[in-house]
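Protein chains: 2
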Amino acid sequence: MPQNVVIVGAVALGPKAACRFKRLEPESRVIMVDRANLISYGGCGIPYFISGDVSTADELRSTSFHMLRDEKFFRDTKDIDVMTNTEAISIDREKKTVLVQSTLDRKKQELSYDKLVLGTGSRPRCLPIPGSQLQGVFSVTDLNKAIAIKTEVAEGKVGKAVIIGAGAIGLEIAESLADLWGIETHVVEIMDQVLPGIVSPNMARMVQHHMEENDISFYLGEKVERFEGETRIEKVVTDKRILDADMVIMAVGVTPNSDLAEKAGLNVSPRGGIVVTKRLETSDPNIYAGGDCVEIISLITGKPGYWPLGSLANRQGRVIGTNLAGGNAEFEGAVGSFVIKLFDISVASAGLSIESAKKEGFSAISAFVVQFDRAHFYPKKDLMYLELVVEEGTGRVLGIQGLGNTGYGVVGRINAVAPMLKHKIVTEDISNLELAYAPPFSAAMDILNAVANTAENILAGKNRVIEPDTFAEWWEKRDSSNRFFLDCREWGNAEPFVGKYPEHWKSLPQGELRARFAEVPKDKDLVLICNTGIRSYEAQITLAQMGRIDTYNLQGGMAAVKKWGLDLLE
Amino acid sequence: MPQNVVIVGAVALGPKAACRFKRLEPESRVIMVDRANLISYGGCGIPYFISGDVSTADELRSTSFHMLRDEKFFRDTKDIDVMTNTEAISIDREKKTVLVQSTLDRKKQELSYDKLVLGTGSRPRCLPIPGSQLQGVFSVTDLNKAIAIKTEVAEGKVGKAVIIGAGAIGLEIAESLADLWGIETHVVEIMDQVLPGIVSPNMARMVQHHMEENDISFYLGEKVERFEGETRIEKVVTDKRILDADMVIMAVGVTPNSDLAEKAGLNVSPRGGIVVTKRLETSDPNIYAGGDCVEIISLITGKPGYWPLGSLANRQGRVIGTNLAGGNAEFEGAVGSFVIKLFDISVASAGLSIESAKKEGFSAISAFVVQFDRAHFYPKKDLMYLELVVEEGTGRVLGIQGLGNTGYGVVGRINAVAPMLKHKIVTEDISNLELAYAPPFSAAMDILNAVANTAENILAGKNRVIEPDTFAEWWEKRDSSNRFFLDCREWGNAEPFVGKYPEHWKSLPQGELRARFAEVPKDKDLVLICNTGIRSYEAQITLAQMGRIDTYNLQGGMAAVKKWGLDLLE
Numbered sequence: 000m001p002q003n004v005v006i007v008g009a010v011a012l013g014p015k016a017a018c019r020f021k022r023l024e025p026e027s028r029v030i031m032v033d034r035a036n037l038i039s040y041g042g043c044g045i046p047y048f049i050s051g052d053v054s055t056a057d058e059l060r061s062t063s064f065h066m067l068r069d070e071k072f073f074r075d076t077k078d079i080d081v082m083t084n085t086e087a088i089s090i091d092r093e094k095k096t097v098l099v100q101s102t103l104d105r106k107k108q109e110l111s112y113d114k115l116v117l118g119t120g121s122r123p124r125c126l127p128i129p130g131s132q133l134q135g136v137f138s139v140t141d142l143n144k145a146i147a148i149k150t151e152v153a154e155g156k157v158g159k160a161v162i163i164g165a166g167a168i169g170l171e172i173a174e175s176l177a178d179l180w181g182i183e184t185h186v187v188e189i190m191d192q193v194l195p196g197i198v199s200p201n202m203a204r205m206v207q208h209h210m211e212e213n214d215i216s217f218y219l220g221e222k223v224e225r226f227e228g229e230t231r232i233e234k235v236v237t238d239k240r241i242l243d244a245d246m247v248i249m250a251v252g253v254t255p256n257s258d259l260a261e262k263a264g265l266n267v268s269p270r271g272g273i274v275v276t277k278r279l280e281t282s283d284p285n286i287y288a289g290g291d292c293v294e295i296i297s298l299i300t301g302k303p304g305y306w307p308l309g310s311l312a313n314r315q316g317r318v319i320g321t322n323l324a325g326g327n328a329e330f331e332g333a334v335g336s337f338v339i340k341l342f343d344i345s346v347a348s349a350g351l352s353i354e355s356a357k358k359e360g361f362s363a364i365s366a367f368v369v370q371f372d373r374a375h376f377y378p379k380k381d382l383m384y385l386e387l388v389v390e391e392g393t394g395r396v397l398g399i400q401g402l403g404n405t406g407y408g409v410v411g412r413i414n415a416v417a418p419m420l421k422h423k424i425v426t427e428d429i430s431n432l433e434l435a436y437a438p439p440f441s442a443a444m445d446i447l448n449a450v451a452n453t454a455e456n457i458l459a460g461k462n463r464v465i466e467p468d469t470f471a472e473w474w475e476k477r478d479s480s481n482r483f484f485l486d487c488r489e490w491g492n493a494e495p496f497v498g499k500y501p502e503h504w505k506s507l508p509q510g511e512l513r514a515r516f517a518e519v520p521k522d523k524d525l526v527l528i529c530n531t532g533i534r535s536y537e538a539q540i541t542l543a544q545m546g547r548i549d550t551y552n553l554q555g556g557m558a559a560v561k562k563w564g565l566d567l568l569e
Numbered sequence: 000m001p002q003n004v005v006i007v008g009a010v011a012l013g014p015k016a017a018c019r020f021k022r023l024e025p026e027s028r029v030i031m032v033d034r035a036n037l038i039s040y041g042g043c044g045i046p047y048f049i050s051g052d053v054s055t056a057d058e059l060r061s062t063s064f065h066m067l068r069d070e071k072f073f074r075d076t077k078d079i080d081v082m083t084n085t086e087a088i089s090i091d092r093e094k095k096t097v098l099v100q101s102t103l104d105r106k107k108q109e110l111s112y113d114k115l116v117l118g119t120g121s122r123p124r125c126l127p128i129p130g131s132q133l134q135g136v137f138s139v140t141d142l143n144k145a146i147a148i149k150t151e152v153a154e155g156k157v158g159k160a161v162i163i164g165a166g167a168i169g170l171e172i173a174e175s176l177a178d179l180w181g182i183e184t185h186v187v188e189i190m191d192q193v194l195p196g197i198v199s200p201n202m203a204r205m206v207q208h209h210m211e212e213n214d215i216s217f218y219l220g221e222k223v224e225r226f227e228g229e230t231r232i233e234k235v236v237t238d239k240r241i242l243d244a245d246m247v248i249m250a251v252g253v254t255p256n257s258d259l260a261e262k263a264g265l266n267v268s269p270r271g272g273i274v275v276t277k278r279l280e281t282s283d284p285n286i287y288a289g290g291d292c293v294e295i296i297s298l299i300t301g302k303p304g305y306w307p308l309g310s311l312a313n314r315q316g317r318v319i320g321t322n323l324a325g326g327n328a329e330f331e332g333a334v335g336s337f338v339i340k341l342f343d344i345s346v347a348s349a350g351l352s353i354e355s356a357k358k359e360g361f362s363a364i365s366a367f368v369v370q371f372d373r374a375h376f377y378p379k380k381d382l383m384y385l386e387l388v389v390e391e392g393t394g395r396v397l398g399i400q401g402l403g404n405t406g407y408g409v410v411g412r413i414n415a416v417a418p419m420l421k422h423k424i425v426t427e428d429i430s431n432l433e434l435a436y437a438p439p440f441s442a443a444m445d446i447l448n449a450v451a452n453t454a455e456n457i458l459a460g461k462n463r464v465i466e467p468d469t470f471a472e473w474w475e476k477r478d479s480s481n482r483f484f485l486d487c488r489e490w491g492n493a494e495p496f497v498g499k500y501p502e503h504w505k506s507l508p509q510g511e512l513r514a515r516f517a518e519v520p521k522d523k524d525l526v527l528i529c530n531t532g533i534r535s536y537e538a539q540i541t542l543a544q545m546g547r548i549d550t551y552n553l554q555g556g557m558a559a560v561k562k563w564g565l566d567l568l569e
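Listed in order, the protein sequences are those of chains A and B.
Numbering that gives the first Met the number 0 applies: residue 0 is where the first sequence begins, and numbers increase by one.
Numbering that gives the first Met the number 0 applies: residue 0 is where the second sequence begins, and numbers increase by one.
Calculated from the structure, these hints are not laboratory results.
Incorrect hints may appear among the rest.
Note that identical chains are pooled: a pair holds if it fits in a single copy or bridges any two copies.
As the list claims (entries may be wrong) - With a straight-line Cα cutoff of 30 Å, these simulated DSSO-like cross-link-like pairs (lysine-lysine) come out:
1) Lys149 <-> Lys380
2) Lys94 <-> Lys277
3) Lys379 <-> Lys156
4) Lys421 <-> Lys302
5) Lys461 <-> Lys71
6) Lys302 <-> Lys423
7) Lys71 <-> Lys380
8) Lys423 <-> Lys277
9) Lys421 <-> Lys277
10) Lys239 <-> Lys561
11) Lys222 <-> Lys156
12) Lys95 <-> Lys71
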């Protein structure tokens with residue numbers, strides 16, 4: 000029997016649920032309401048719109064075949080009614096009606112439903128910073144706000160910008176402003192790393208270093224105290240400095256927009272997300288919810304998590320569409336897959352970073368490998384940096400993060416692991432992971448296999464490692480410590496370091512270690528160095544065989560240290 | 000207690016097993032023997048060496064840190080002894096010795112072992128074609144043969160070449176000869192498609208068309224009868240034609256090199272592969288085997304399969320190395336992941352193609368989707384072509400194949416699915432697959448999700464499809480059939496077709512279908528057309544709602560037809 004379906008919110012989840020449902024039940028009626036005038040756009044494209052890579056906002060609102068997804072489009076091609084500029088005020092679950100109000104003429108109206116879908120999305124977290132009402136202080140709520148930002152930028156109003164928050168959106172916007180518009184861009188972040196909670200401090204530092212090389216300034220561990228200006232923003236005052244600014248963009252995260260659900264008495268979590276089943280039903284079986292307004296289950300920890308992402312919203316929308324039509328589709332949760340492109344590098348992750356893993360109570364280690372992303376003899380190749388987070392004892396893989404210049408190469412490795420994380424895979428599953436192999440795409444023993452092998456060796460106590468941050472600290476303290484740096488590469492690589500730091504640095508190529516063992520400095524802790532951490536690992540084994548276990552292998556070698564931003568030859 | 004390990008074969012599996020074992024048991028002794036003079040090289044790099052992309056053979060023999068992997072390298076850096084130019088003649092399993100003989104001075108010697116490893120590799124399949132002994136007729140057995148081929152090519156001896164076999168190696172070599180050396184290159188294949196057994200006929204045709212555009216000629220379904228020439232090859236005679244040739248390269252597959260194992264009474268399969276356990280033990284627990292000389296289990300069918308690939312050999316080598324040291328590593332099998340780059344396109348696959356699935360007794364369908372590999376509003380993007388093979392009834396995913404210009408994008412999608420295939424996943428697992436999302440890498444509803452959604456719709460009977468080959472056939476017979484071609488795109492796209500074929504082709508944009516339903520030709524089977532198959536699917540649903548179920552949706556739309564090589568406007 001044909002149904003009446005009302006959908007609140009028409010950006011990502013709503014349209015997907017509506018279209019899927021209508022394809023399954025063409026006779027049923029669907030009304031979508033949205034308080035904004037612009038609907039069904041690619042919100043994740045906003046940074047590219049601000050940068051100018053995407054030239055008009057309409058491109059974010061169009062289909063791949065260049066039709067604008069407006070009210071007429073939904074009516075003609077999908078047989079779906081859309082009410083824009085219309086806010087949902089309240090739900091009467093007994094009567095099964097939604098009270099809506101026009102944001103233009105304030106007229107109210109009741110819509111009755113058989114099934115209701117909430118796709119109310121998220122709203123930007125607002126910090127109570129004095130001066131937030133000044134002109135030029137923005138948060139990126141929606142496409143209209145993005146249009147306003149771009150208008151000011153394009154009018155030349157902005158010479159200096161301050162971004163608050165070094166999460167994904169903050170960094171993307173920072174690139175947008177600096178790269179194409181040449182705006183002097185500063186990023187203030189209260190945590191002590193960029194992309195907090197997503198990648199490890201070491202990898203975060205590599206990202207930061209790359210962005211600094213592209214003229215973005217970072218102030219980490221700093222708190223914004225107030226914004227100053229007459230009518231327009233002029234200065235950002237942190238607890239450590241004052242930054243001039245013609246524009247401020249707040250990008251400190253988003254929270255679920257669940258007021259309507261809460262007012263209707265639906266089950267909402269303490270963190271504000273609407274609680275849904277795997278079928279994406281709320282606590283009222285006639286009401287579905289999905290997208291940025293709901294919490295879903297972390298497939299790593301089994302606890303509720305929050306991932307406001309257009310991709311998840313789309314897939315959830317399809318699940319809801321199927322279930323509206325009497326189907327039995329499920330959305331089981333997420334591992335939190337992530338990718339971002341920042342200037343020339345791309346960073347991707349799935350599951351837990353080492354810090355997040357520890358915070359969740361896991362006893363975990365992380366293996367870090369630097370290797371070419373293709374066969375090393377193949378002419379076109381790039382170094383890739385991959386980190387695997389593994390639980391001690393069980394060897395369970397908790398997460399993976401990667402970074403490199405070949406974005407699709409990085410994200411491809413992450414995507415190969417992400418779908419398996421929910422199966423509680425262990426390192427051996429990735430050691431033997433069957434990636435498609437040809438020299439233009441991978442090494443015979445791919446970096447992904449290698450990072451799992453490395454994790455296994457660390458867990459077995461055979462590879463005793465330090466990361467670039469520890470190396471930097473130890474290097475800083477080299478005069479006051481009992482550590483010595485043993486370069487296991489061939490002489491050509493080691494020479495400039497030995498020449499500059501003869502008291503701390505010695506060349507002893509790994510292949511000559513046995514023959515020249517007498518030359519290994521005694522009574523010193525040895526930091527073993529090579530280009531990527533492979534030869535130094537071999538050296539560590541040989542030294543252990545000769546009785547020297549006071550050695551530390553620098554994971555990722557000098558390649559990692561350089562990417563991290565430390566240049567010993569400068 | 001230190002052990003004596005002897006390893007026969009030192010190309011891929013052998014060195015990996017040796018090095019892994021020595022890192023775990025440095026006190027044990029390892030001897031590798033190989034009948035060739037060159038060892039431990041990247042055999043998969045041979046086509047790139049022939050093309051000139053890799054300029055010297057030594058590059059294929061070097062580590063990523065530019066050390067040549069010769070006997071000295073293994074002795075100095077790995078503490079492993081290598082005997083090159085040394086053939087293993089026989090194994091005495093009672094005495095635990097291997098009889099070896101120098102290929103130079105014919106001297107024999109017995110090597111005793113505690114554990115023996117067989118990494119004897121494969122040999123090229125030889126067709127009994129008269130004239131095979133002529134100069135200039137090659138098969139690509141090993142690096143020495145590749146050097147001989149390249150020498151002749153570089154000396155300008157080759158103006159015309161014929162490749163026998165259109166499998167992966169044949170196609171790679173064809174590109175090598177044609178692209179950089181400008182050799183007129185012809186490929187003869189006995190089957191009626193390129194890459195037989197790997198991709199579907201439709202996708203194979205797209206590959207062929209792309210290579211034809213790059214001046215390679217194909218003769219499919221043709222059998223080579225003889226080679227003619229005085230001392231050197233001059234002509235290749237097939238059952239259909241005579242081709243001039245200065246060089247012939249036979250690339251008709253390889254078979255396991257298991258003579259030594261068979262002679263020693265080890266269990267060898269009817270197809271010639273050494274039979275091994277998951278621990279990679281042969282029927283003699285003191286003898287391990289891996290790489291191209293063994294059969295492994297297909298994780299799709301559960302039957303033995305044969306995948307001679309350097310990547311599998313390397314991973315198996317590590318498993319053997321671990322087990323030699325008393326570990327308990329396993330190699331469970333393979334799904335047959337595959338990727339190849341051919342000129343500007345890359346083709347990747349995992350699991351079964353539609354033809355292979357049917358041959359294995361599955362009742363299967365294939366869903367085919369064409370979509371941008373990135374968000375459609377992102378400026379840099381490419382069309383990707385993805386095919387999912389699914390079992391009817393269960394919805395089990397049996398295989399996936401992809402093709403596109405962005406190689407890493409294609410292989411990334413395949414690699415995201417391949418590791419899951421062994422878990423007997425169904426379409427819903429891929430519909431909801433959590434790929435890392437950002438506009439430079441994927442669409443919010445990625446092509447991978449989309450192809451699973453499409454498969455689901457086909458299985459549900461909602462999307463009734465035809466492929467490009469059927470379209471081509473129906474188009475060919477358009478005058479004598481009762482079919483009509485309904486173009487569901489906007490007028491601008493449809494106009495040239497309507498203009499050229501007014502009696503067969505009609506424009507009726509999908510969004511106007513309801514209003515203009517009266518214009519839909521009656522009493523005709525309708526072939527629904529759009530650019531990629533999405534709008535035509537919407538049209539199919541609308542038409543079904545209006546009572547018209549005599550419709551066929553062209554999967555992949557005109558984009559697929561064009562890629563397939565049919566240009567209706569030519």
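Evaluated hints:
{"no.": "1", "hint": "Lys149 <-> Lys380", "verdict": "between (36 Å within a copy, 24 Å between copies)"}
{"no.": "2", "hint": "Lys94 <-> Lys277", "verdict": "within (26 Å within a copy, 63 Å between copies)"}
{"no.": "3", "hint": "Lys379 <-> Lys156", "verdict": "between (42 Å within a copy, 29 Å between copies)"}
{"no.": "4", "hint": "Lys421 <-> Lys302", "verdict": "both (13 Å within a copy, 27 Å between copies)"}
{"no.": "5", "hint": "Lys461 <-> Lys71", "verdict": "between (65 Å within a copy, 25 Å between copies)"}
{"no.": "6", "hint": "Lys302 <-> Lys423", "verdict": "both (15 Å within a copy, 26 Å between copies)"}
{"no.": "7", "hint": "Lys71 <-> Lys380", "verdict": "between (48 Å within a copy, 28 Å between copies)"}
{"no.": "8", "hint": "Lys423 <-> Lys277", "verdict": "both (20 Å within a copy, 21 Å between copies)"}
{"no.": "9", "hint": "Lys421 <-> Lys277", "verdict": "both (15 Å within a copy, 24 Å between copies)"}
{"no.": "10", "hint": "Lys239 <-> Lys561", "verdict": "within (28 Å within a copy, 61 Å between copies)"}
{"no.": "11", "hint": "Lys222 <-> Lys156", "verdict": "within (26 Å within a copy, 72 Å between copies)"}
{"no.": "12", "hint": "Lys95 <-> Lys71", "verdict": "within (27 Å within a copy, 81 Å between copies)"}
In this structure, none of the earlier numbered hints is contradicted; all agree with it.
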